[in-house]
Each structure stands twice: as structure tokens, then as C-alpha cells.
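With the sequences and hints as input, model every part of the structure.
Order-wise, the sequence lines are chains A and B. Each residue of the first sequence is one higher than the last, beginning at 3 in the numbering used here. Each residue of the second sequence is one higher than the last, beginning at 225 in the numbering used here.
No lab work stands behind these hints, which were simulated from the structure alone. Note that beta-carbon positions come from the ideal geometry of N, C-alpha and C, so glycine has one too. You may find that some hints are simply not true.
Stretches of chain A that chain B covers, calculated by requiring three or more beta carbons in the stretch to come under 8 Å of a beta carbon on chain B [unchecked claim]:
1) 107 to 114
2) 294 to 305
Mimicking BS3-like on lysine-lysine, the simulated pairs with C-alpha atoms at most 25 Å apart in a straight line are [said to hold, decoys possible]:
3) Lys451(B) with Lys432(B)
4) Lys251(A) with Lys565(B)
5) Lys124(A) with Lys260(B)
6) Lys111(A) with Lys125(A)
7) Lys251(A) with Lys602(B)
8) Lys673(B) with Lys519(B)
9) Lys103(A) with Lys226(B)
10) Lys537(B) with Lys496(B)
11) Lys633(B) with Lys647(B)
12) Lys565(B) with Lys276(B)
13) Lys432(B) with Lys410(B)
14) Lys111(A) with Lys189(A)
15) Lys550(B) with Lys125(A)
16) Lys736(B) with Lys108(A)
17) Lys537(B) with Lys251(A)
18) Lys673(B) with Lys645(B)
19) Lys251(A) with Lys639(B)
20) Lys647(B) with Lys352(B)
21) Lys276(B) with Lys647(B)
22) Lys645(B) with Lys124(A)
23) Lys225(A) with Lys189(A)
24) Lys133(A) with Lys226(B)
25) Lys251(A) with Lys410(B)
26) Lys519(B) with Lys550(B)
27) Lys490(B) with Lys125(A)
28) Lys490(B) with Lys520(B)
29) Lys384(B) with Lys103(A)
30) Lys645(B) with Lys251(A)
31) Lys226(B) with Lys550(B)
32) Lys251(A) with Lys675(B)
33) Lys103(A) with Lys755(B)
34) Lys514(B) with Lys526(B)
35) Lys133(A) with Lys602(B)
36) Lys133(A) with Lys675(B)
37) Lys124(A) with Lys633(B)
38) Lys526(B) with Lys125(A)
39) Lys550(B) with Lys133(A)
40) Lys647(B) with Lys514(B)
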Amino acid sequence: MRLSRRNFLKLVAAMGATAFLSTYKAEVVEALNEVKDYWHICWLNGGACTGCTISFAQATDPDILEIFTSITVGNSRLPIALPDYMETIEPASGWLAEHLKERWKKGTKGRRILIIEGAIQKKGYCVIRGKDFSEHVLDVIDYADHIIAFGACACFGGIPSSHPNPSGAKGLQEFLREEGRDDLASKVINVPCCPGHPDHLVITLTAVMLGMKLELDQHNRPKLFFGRNMHMELCPYRPYYDMGIFETKPGEEGCRYKFGCKGPDVYTDCALRKWNNHVSYCVQVGAPCIGCAEPGFPDRFIPFYEPITNRRPFFNIDPNYVWVGGAVLAGTALMKKKRGEEE
Amino acid sequence: MKVVIDPVTRIEGHLRVTMELESVSTKTGNWFVVGKAYSSGMMFRGFEIFLKGKDPRDAFFFTQRICGVCPAAHAEASNQALDIAFDAVPVPPAATLIRNIIQCAYYIYDHMIHTYLLVGPELGILCKYPPMIPPVLGKEGIAKMGLGSSYAKCIEMQRKANEIVAIWGGKFPHHACGYPGGVTVKPTSERISQTVARAVELWEFVAKTMIRDIQAIIQANETVGEKVSEILGLNIRGLEDIGVGTGNFLSYGMLPDPENYEDWLKVAYGEKGRRKSAVFHAGAWDGSFKDFDLKKIQEFVKYAWYSDEYSGKRPDEEETVVELNKPGAYSWIKAPRYDGKVYEVGPLARMVNTFGLSWRIPRVHPITGEDLGDFVYKVRNPKGSVLDRVVARVANALICANKLIEFAKMLMEFKDSSICKYKDVPETGEGFGLYEAPRGALLHYLKIKNKVIERYQCVVPSTWNQSPRDDMGQPGVMEQSLQCGTTWLPTMDVPTVCSAIWGEDYGNLLRKALAPLGLAELNMEPVNGQKFNTTLALLIIRSFDPCIACAVHVISK
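The structure is reproduced here in C-alpha cells:
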């Protein structure tokens with residue numbers, strides 16, 4: 003089967019990201035091979051733990067090596083999307099590493115992808131080659147034809163932005179808005195989770211290279227991955243909840259809601275797609291969902307082991323109400339009503 | 225003249241290294257070597273401040289995000305500090321086994337990616353060993369020339385290793401199954417058999433391919449040594465005389481015995497000891513085995529961007545205050561010292577504190593029983609060197625691969641037993657978590673008051689190795705290794721140096737391969753119109769596997 007713009011997104015939606023990639027790997031590689039130009043990727047790493055790079059290295063179908071070296075442009079032998087800049091794996095360092103960023107800037111218009119990993123902090127807290135990370139971002143962002151924020155930190159500030167946010171960490175969109183660049187902020191595709199999921203990124207990149215428009219939600223997340231509620235629509239442990247069987251301590255079997263699971267507030271396809279080659283995910287190993295796909299992570303979801311209804315007001319903000327909006331409001335209200343009846 | 229490498233890539237995080245050059249005259253000419261070196265961590269997030277006031281159980285999740293390359297080690301150190309603070313010790317044997325399985329699998333991943341993806345490319349190129357040169361020609365190059373065969377295989381195998389972490393922890397990076405007093409995940413037959421299936425594949429890669437590769441590097445290294453000695457007119461054996469360290473090695477021990485957890489705990493409660501019941505022992509080697517003593521750790525900040533007020537304090541009494549424009553300071557990394565001296569941490573420190581300077585590791589296939597012969601190695605330079613660090617990392621991976629399957633089999637016997645010694649969050653409590661991250665000794669300290677975190681401190685491996693100078697003026701381990709006198713910075717580019725060692729053909733081949741990728745000037749740093757080849761310096765830096773996000777994590781006020 004040939005992948006086309008028409009059937010690609012439909013198939014991903016129907017099968018889930020991971021199943022799609024393992025079934026149509028050959029077609030993805032073929033489709034990318036037909037895109038007859040060299041794509042330039044610049045992957046900047048700021049206030050990060052590098053977990054998103056490591057997570058990307060867990061991509062299975064196609065794997066990171068195929069993406070970077072085997073999918074070549076015509077018979078040029080040049081890889082379709084070799085990163086021009088990617089601190090954690092690139093061959094060059096020092097002067098040359100920075101110089102190769104210039105090559106990225108000079109790439110074919112329309113084919114330059116910028117991926118940001120990590121938060122953007124106050125000046126002085128992340129300095130590369132004498133220049134603050136925020137300036138590095140501003141330096142390249144005008145050249146980017148496609149901007150992807152990968153992982154919770156780059157999307158919404160993530161862990162380092164936790165109160166009192168000592169380094170002033172924030173997500174890319176917020177940073178761009180503060181810089182008066184709303185035009186660019188609206189272009190950012192947010193691919194959250196902590197770390198970002200490799201399949202999400204591979205599919206987002208593929209969609210970008212094939213020229214397809216991903217439908218985004220109000221937080222600029224692709225609806226394809228972040229359009230469904232974990233608890234209401236996807237959780238395999240949901241029957242326990244309906245039957246009133248709850249895990250309250252490690253080792254018990256039951257719905258993780260009373261063990262702190264934030265599933266009801268979270269929109270992501272973890273339960274369906276799972277992690278590391280479809281092996282497992284947080285809830286499956288008896289742990290709660292900590293809400294890493296959502297804006298406001300982590301402070302909106304701590305303490306991680308306390309049920310949603312027990313969350314303490316933190317920093318004078320009651321996490322139960324501040325973030326509840328739109329569809330979430332309807333869902334939560336419904337569930338609260340339901341909980342009221344059960345408890 | 226100063227050569228600056230910024231950013232140092234193929235490490236975790238943001239590192240800047242400044243090297244003052246010295247000219248050395250020998251019978252063959254004048255050569256530039258590193259005279260003085262300065263290591264600067266360039267990124268700061270402030271973990272210990274935002275942990276204050278949070279639910280102690282959240283520390284397990286937060287501290288993993290200190291570093292996405294070694295999150296599992298932070299998880300374990302944090303979990304052990306929590307176990308003690310909650311008085312939920314000893315943790316049940318099943319929980320210790322599950323934690324050990326996660327750690328073994330994750331160690332194999334970590335040592336593997338470092339060996340092939342991070343430090344490997346320089347080793348492969350310098351030692352003319354194609355399996356470790358990155359597969360720049362893709363699958364065709366791998367098939368026709370074996371170019372990058374091990375590198376490519378490593379990408380597949382590290383993924384399998386992390387699948388084991390995910391089987392037990394839900395995902396990797398940042399697994400989810402830790403809980404004070406144990407784990408949340410149950411030991412089912414399915415999980416155990418999924419683990420063993422992958423563990424056997426990992427074992428075969430580590431015991432066969434990795435050992436073969438490292439033996440090839442050890443051998444080729446002799447030629448590199450001979451040729452470089454000829455060129456420089458110095459007597460250098462090889463990479464065992466490059467990046468020479470202090471000879472002091474610190475380890476906290478790892479992989480506790482599930483049925484003797486009491487012995488493991490003693491050191492964390494402040495007793496002197498060596499945790500000999502564990503797979504890797506604790507210790508403070510200074511030429512011979514010495515007991516480890518928690519009280520001897522201090523952190524100094526004279527050359528870091530923090531207030532001097534708390535310099536020289538112990539981890540449980542220090543309070544760190546950012547001073548962004550402090551004169552003389554050049555790093556976000558503090559300078560931890562043991563007994564006032566500079567100690568190296570990492571795989572080599574673990575091996576030396578457990579086995580001394582002579583190692584013998586069995587290679588018996590866990591399923592077929594086939595004996596591939598022991599892996600035997602004698603430390604070439606007892607002070608530590610590039611070669612010894614790289615070999616130690618592979619030796620560590622082999623030990624973890626052996627143990628992974630043992631632990632998984634052992635867990636079968638504990639399938640129906642408790643996985644957590646459950647305790648509610650205490651009003652007050654404190655505890656040390658002392659563990660080994662892949663990069664070396666890792667300490668977490670936690671104090672609970674009114675059921676929330678009052679204080680959290682981490683002293684991490686890259687703080688030890690990449691530290692700046694301390695208040696006494698002693699340079700950190702990596703700084704000393706760079707300025708040990710043999711860090712040659714040639715003005716010849718990489719292909720030219722390789723031609724001199726291995727002949728013109730090889731140099732030309734490299735030149736042809738590098739140019740179209742824009743890498744003709746790989747590792748060349750320009751200074752005052754001249755360009756210096758920093759390959760050896762980068763090898764030294766990367767031999768420590770620096771992790772800067774880890775190294776910088778302290779409190780700001």
C-alpha cells in the first residue's frame with residue numbers, strides 16, 4: 003500500500019501511533035525517500051535533562067539510525083534528515099558544531115525543521131559558546147519553516163518551572179509571546195510528555211515532511227495523540243473504577259485513582275500506544291499517571307500520590323479549578339458527580 | 225594561548241572546557257600540550273529549591289528529571305533515601321530484586337551508548353576500527369565495509385535494554401514504579417520471561433561484540449602509542465598515558481544482596497564500611513582498599529557561582545546560595561572532596577574498589593552454558609586513564625549482563641511475596657541514599673518536616689569528576705587529567721594525524737568521508753589564526769562520560 007496525504011493521518015488515528023509505525027514502516031521509509039530534497043534539522047537543547055533525546059533514540063520503526071542515515075535522498079547518498087545540529091549525538095563539537103548551524107540556516111526554504119528540547123530560562127542560566135540559550139533560540143527561529151517543541155519542558159516549562167521556578171524556566175510558546183513574536187508562537191507544534199514520546203515525534207516529522215497539516219488542540223498539541231481522555235476513553239483499568247475497586251497501596255489491584263492517578267484530567271494516548279516498543283506505561287506498573295502530557299505539569303498534579311480531589315492548594319492556587327477549562331470542565335464535572343454518587 | 229571547546233558535544237548537558245597551551249620541546253620538534261585546564265558547567269535549573277515543601281514521595285519523580293540519560297540511578301538513590309526517611313527498611317527481597325533488574329538493564333544501556341555513540345567515534349577513528357566508526361554511509365556501508373556495524377547494533381540493543389526497564393518501570397527515561405519501602409510493580413511470570421528473553425540477547429551483545437571490540441581497541445592502541453611517541457619524541461604507551469588522573473577512587477557500591485539488605489544499609493546510617501555483600505563494593509581506594517566513610521564528604525564553592533558562606537560543608541548541613549557574578553568563579557559545578565582530597569568516581573572507581581587492579585570476569589552463556597573464556601584485564605595505569613576508563617565501562621556492562629539474568633531467575637522464587645514495606649508519610653525523618661550512577665558515586669540526602677521536604681541535597685558523579693578547583697586550589701579530576709602533560713593538541717587535522725599513524729590510504733579515506741558531511745575540520749578549534757586538533761582532549765573529557773545536567777542541580781535562594 004502506498005501512503006498518501008489522504009490515508010496517512012487516517013491510518014495513524016485508526017491504529018494508534020505505534021501499531022501504525024510497526025505495520026507501515028516500509029511505506030513510511032518509501033514515502034520519505036520520495037521526498038526529493040534534503041531536510042535540515044536543528045535540534046536545540048536548553049534547560050533540559052536530555053531525556054527527550056534519549057527517548058527519541060528509543061524509536062523503533064523506523065529507528066533513529068534509519069531516520070538519520072538510511073533514508074537517503076535519491077542517489078545522492080546524503081541522508082534525508084541528518085541533523086545539522088544536535089549536541090548529544092552530533093560528530094562535531096566546539097566551533098564546528100556552531101558553524102554547522104549556519105548550514106542549517108542556509109537550507110532550502112520550506113525544509114528547515116527546528117526542534118527544541120528543554121525549557122527556556124532567564125538569562126545566564128544556560129550559556130552555550132558565550133551566548134545565552136534564549137538568544138540561540140531567537141537567532142535561529144526566523145529561519146525555521148517548522149517548529150516542534152518536544153517534551154514537557156519545551157512545551158510548557160515542565161519540571162524546572164516547578165514553584166518557585168528558580169531559573170525562570172518556561173515553554174517555547176510562552177517565551178516567544180513574551181518576545182512579541184506571537185506570529186511564531188502560533189506556529190509551534192507542541193509534542194509534550196516527560197520525556198516526549200519517540201513515536202509522536204516520528205509521526206509529526208513524517209507529517210511535516212509529507213506536507214500534511216496536523217490538526218492541533220487549544221494547546222497546539224496534535225489531536226491525533228492528545229485528543230482523547232486517558233480515563234474516560236482509553237484506560238484498561240476503567241472497569242475497576244466503575245466497580246469501585248481501587249488500589250490504595252503498592253501491590254493492590256484496582257483502579258489507580260485513589261493512588262493518585264491523574265488520568266481523568268489528562269489527554270494523551272499512553273494507554274493505547276504505551277512506551278519503549280509498546281512494552282508498558284506508568285499505570286500498568288501500578289503507578290499513577292502524573293499528568294506529564296498537560297500544561298501545568300508538574301505543579302498542577304502534585305502530590306503525585308494523592309487523589310485529584312485531595313490536592314492541596316499550592317502557591318495559593320487550587321489546582322482543582324484553575325486549569326479546568328472547556329472540554330476538561332465538562333468531563334471533570336461529570337466525573338465529580340459520578341464520584342459523589344459512588345463515595 | 226587558550227583553546228576553548230564550547231559546546232563539548234556527545235555528552236549530557238552544557239560543558240565548556242578552557243585549556244591553556246604549553247609548548248614542549250623534544251628531539252623531534254616543538255609541540256603544544258595542555259598546560260592548565262578549566263571545566264565549566266554552563267546550565268542551572270535549581271532542583272533542590274523546588275523540591276522544598278513538596279510531598280517527599282514526589283522526590284522519586286522529580287529527581288529523575290535531573291538527568292534523562294541517567295534517571296534510573298537518581299530514582300534509586302532517591303528511593304533509598306526515602307526508604308530510610310520513612311523507616312521502611314529493609315525493603316523486601318522481591319523489591320530489591322526488581323530494583324536490581326531495572327538497574328542492571330539500565331546500566332547496560334548507559335555503558336553501551338557511551339561506548340559506541342558518545343566516546344566511540346573518536347576511539348574508532350583513532351584506532352582505525354571500522355565497527356566503531358559511525359555508520360555515515362548507512363546500511364550499505366555497514367553491509368559492504370562493516371562501517372559502524374557495532375554502532376548500529378548498539379542502537380538496537382540499547383533499546384532492548386530499556387524495554388526491560390519499561391517492563392518493570394512503565395517507561396524509560398523516567399520510570400514510575402518506585403515507592404518508599406519497595407516498588408509498585410508485581411513480579412509476574414510474564415514480566416520475568418519477557419525480561420529473560422531480552423536479557424539473553426543483551427548478554428550475547430555485551431559478552432561477544434562489546435568484549436571483541438574493546439579487545440581490538442586495546443590492541444590497536446599499542447600502535448597508536450608507538451606512532452604518537454615517534455612523532456612527539458616522547459615515551460607514551462598509548463591511551464593509558466593520556467588523561468592520567470589522581471589514583472584516588474571513590475565508590476558507594478551497587479546492586480545490594482536482596483537477602484542481606486541489613487549489610488547494605490549500614491553505610492547509609494554513617495558506619496564505615498565497604499558493602500561487601502553487594503555486587504560492586506563501596507570504598508575509598510588510594511592505592512589500597514579503604515573503608516568508605518560518609519562523614520568525609522565536603523563540598524567547596526570558591527570557584528563556583530555560589531556564596532562562599534557555606535563552602536566546605538557536609539551534604540546534610542550545606543545550604544547553597546547563587547552568586548551569579550562572583551569574581552574568580554567559572555562554573556555552576558561545585559567541588560566535592562573526600563577527606564579533603566580529589567577522588568575520581570565512575571566505572572573504573574567501581575571496578576578498583578571491588579576487584580583492585582586486576583580483573584577476571586566470567587563469560588558463560590546463561591542458557592547454553594557455553595564458556596567463552598574469562599575477560600581478563602590488568603589496569604594499565606593505576607592513576608586512571610582514557611583506556612582504563614573505557615575498558616572499565618565495558619567490564620561493568622559485562623558484570624551487569626551476567627547479574628541481570630541471575631536476578632531475574634532469582635525473582636521467580638519471590639513471585640508471591642511482598643513488594644513493599646508500606647509506611648505512611650512520616651511527620652519527620654531523614655535519610656541518605658548512596659548508590660552508583662553509571663558515571664559514579666551518587667548521593668541523595670532528604671529531610672522531612674511536617675510531612676513535606678524540608679531539605680534535599682544531591683552530590684552527583686559529574687560534580688566529582690568535572691568539578692572546578694576547590695578552596696585549597698586543587699583542580700578537579702578531569703582538569704588534572706587534561707593537564708597531566710600528555711594532552712597533545714596537534715595543528716594537523718584528524719585525517720592527517722590518522723595518516724601519520726595508519727598510512728596515507730586511511731587518512732585519504734577519512735578525508736573523503738568527512739568532507740561531504742561538512743566535517744572536514746572535525747575537532748579543529750581556531751585560535752589566533754591557527755587551528756588546534758582537540759581529539760585527544762575530547763577523548764579525555766568524554767572518557768569520564770560527563771553529565772552536566774546532573775552536576776548542576778543545587779539550591780538558589
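We went through each hint and held it up to the structure:
1. Proximity of the region 107 to 114 of chain A to chain B, defined as three or more residues with a beta carbon under 8 Å from a beta carbon of that chain, is not established by the 0 residues found.
2. With 3 residues having a beta carbon nearer than 8 Å to a beta carbon of chain B, the region 294 to 305 of chain A meets the requirement of three or more and the stated coverage holds.
3. Between Lys451(B) and Lys432(B) the alpha-carbon distance is near 29 Å, which puts this suggested pair outside the 25 Å criterion.
4. Restraint check: the Cα-Cα separation between Lys251(A) and Lys565(B) comes to about 45 Å, which exceeds 25 Å; the hinted pair is violated.
5. Simply put, Lys124(A) and Lys260(B) have alpha-carbon atoms about 31 Å apart, too far for the 25 Å limit, and the pair is violated.
6. Taking the CA atoms of Lys111(A) and Lys125(A), the gap is about 30 Å. The hint is violated against a cut of 25 Å.
7. For the hint pairing Lys251(A) with Lys602(B), the CA-to-CA distance comes to about 49 Å; that exceeds 25 Å, so the pair is violated.
8. Note on Lys673(B) and Lys519(B): the hinted pairing holds, with a Cα-Cα distance of about 23 Å set against a maximum of 25 Å.
9. Taken as a hint, the Lys103(A) and Lys226(B) pair is honoured in the structure, with Cα atoms around 24 Å apart against an allowance of 25 Å.
10. Straight-line distance between C-alpha atoms of Lys537(B) and Lys496(B) comes to about 19 Å, which keeps the hinted pair within the 25 Å bound.
11. A hinted pair counts as satisfied when its Cα atoms are at most 25 Å apart, and Lys633(B) with Lys647(B) does not qualify at roughly 29 Å.
12. Between Lys565(B) and Lys276(B), the direct Cα distance comes to roughly 31 Å. Violation of the 25 Å bound is thereby established for this hinted pair.
13. Proximity of Lys432(B) to Lys410(B) is assessed by CA-CA distance (about 32 Å); at most 25 Å being required, the pair is judged violated.
14. Taking the CA atoms of Lys111(A) and Lys189(A), the gap is about 16 Å. The hint holds against a cut of 25 Å.
15. Restraint check for Lys550(B) and Lys125(A): the C-alpha separation of about 16 Å stays at or below 25 Å, so the hint holds.
16. Annotation: proposed proximity of Lys736(B) to Lys108(A) holds, straight-line Cα distance about 23 Å (limit 25 Å).
17. For a cut-off of 25 Å, the pair hint linking Lys537(B) to Lys251(A) is broken: about 38 Å separates their Cα positions.
18. Proximity of Lys673(B) to Lys645(B) is assessed by CA-CA distance (about 21 Å); at most 25 Å being required, the pair is judged to hold.
19. Straight-line distance between C-alpha atoms of Lys251(A) and Lys639(B) comes to about 18 Å, which keeps the hinted pair within the 25 Å bound.
20. About 56 Å separates the Cα atoms of Lys647(B) and Lys352(B), which puts this hinted pair outside 25 Å; it is violated.
21. At roughly 21 Å between alpha-carbon atoms, Lys276(B) and Lys647(B) fall within 25 Å of each other, so this suggested pair holds.
22. Distance restraint check for Lys645(B) and Lys124(A): the Cα-Cα separation of roughly 42 Å exceeds the 25 Å cut-off, and the hinted pair is therefore not satisfied.
23. Between Lys225(A) and Lys189(A) the CA atoms are separated by roughly 15 Å; this keeps the pair inside 25 Å, and the hint holds.
24. For the hint pairing Lys133(A) with Lys226(B), the CA-to-CA distance comes to about 19 Å; that is within 25 Å, so the pair holds.
25. Distance hint between Lys251(A) and Lys410(B) is fulfilled; the C-alpha atoms sit about 12 Å from each other, no more than 25 Å.
26. Restraint check: the Cα-Cα separation between Lys519(B) and Lys550(B) comes to about 29 Å, which exceeds 25 Å; the hinted pair is violated.
27. A hinted pair counts as satisfied when its Cα atoms are at most 25 Å apart, and Lys490(B) with Lys125(A) does not qualify at roughly 44 Å.
28. Distance restraint check for Lys490(B) and Lys520(B): the Cα-Cα separation of roughly 16 Å lies within the 25 Å cut-off, and the hinted pair is therefore satisfied.
29. About 33 Å separates the Cα atoms of Lys384(B) and Lys103(A), which puts this hinted pair outside 25 Å; it is violated.
30. This hinted pair checks out: Lys645(B) and Lys251(A) have alpha carbons roughly 10 Å apart, not beyond 25 Å.
31. Between Lys226(B) and Lys550(B) the CA atoms are separated by roughly 22 Å; this keeps the pair inside 25 Å, and the hint holds.
32. Pair hint Lys251(A) plus Lys675(B) holds up; C-alpha atoms about 18 Å apart against a cutoff of 25 Å.
33. Between Lys103(A) and Lys755(B), the direct Cα distance comes to roughly 20 Å. Compliance with the 25 Å bound is thereby established for this hinted pair.
34. For a cut-off of 25 Å, the pair hint linking Lys514(B) to Lys526(B) is broken: about 29 Å separates their Cα positions.
35. Between Lys133(A) and Lys602(B), the direct Cα distance comes to roughly 44 Å. Violation of the 25 Å bound is thereby established for this hinted pair.
36. Among the hinted pairs, Lys133(A) with Lys675(B) is inconsistent with the structure: their alpha-carbon atoms are about 42 Å apart, more than 25 Å.
37. At most 25 Å may separate the alpha-carbon atoms for a hinted pair to count; Lys124(A) and Lys633(B) exceed this at roughly 50 Å.
38. Restraint check: the Cα-Cα separation between Lys526(B) and Lys125(A) comes to about 23 Å, which is no more than 25 Å; the hinted pair holds.
39. The suggested pairing of Lys550(B) with Lys133(A) holds, with an alpha-carbon distance near 19 Å, which does not exceed 25 Å.
40. Using a Cα cut-off of 25 Å, the hinted pair Lys647(B) and Lys514(B) is violated, with the two alpha carbons roughly 36 Å apart.
Taken one by one, the earlier hints fail for this structure at numbers 1, 3, 4, 5, 6, 7, 11, 12, 13, 17, 20, 22, 26, 27, 29, 34, 35, 36, 37, 40, listed in ascending order.
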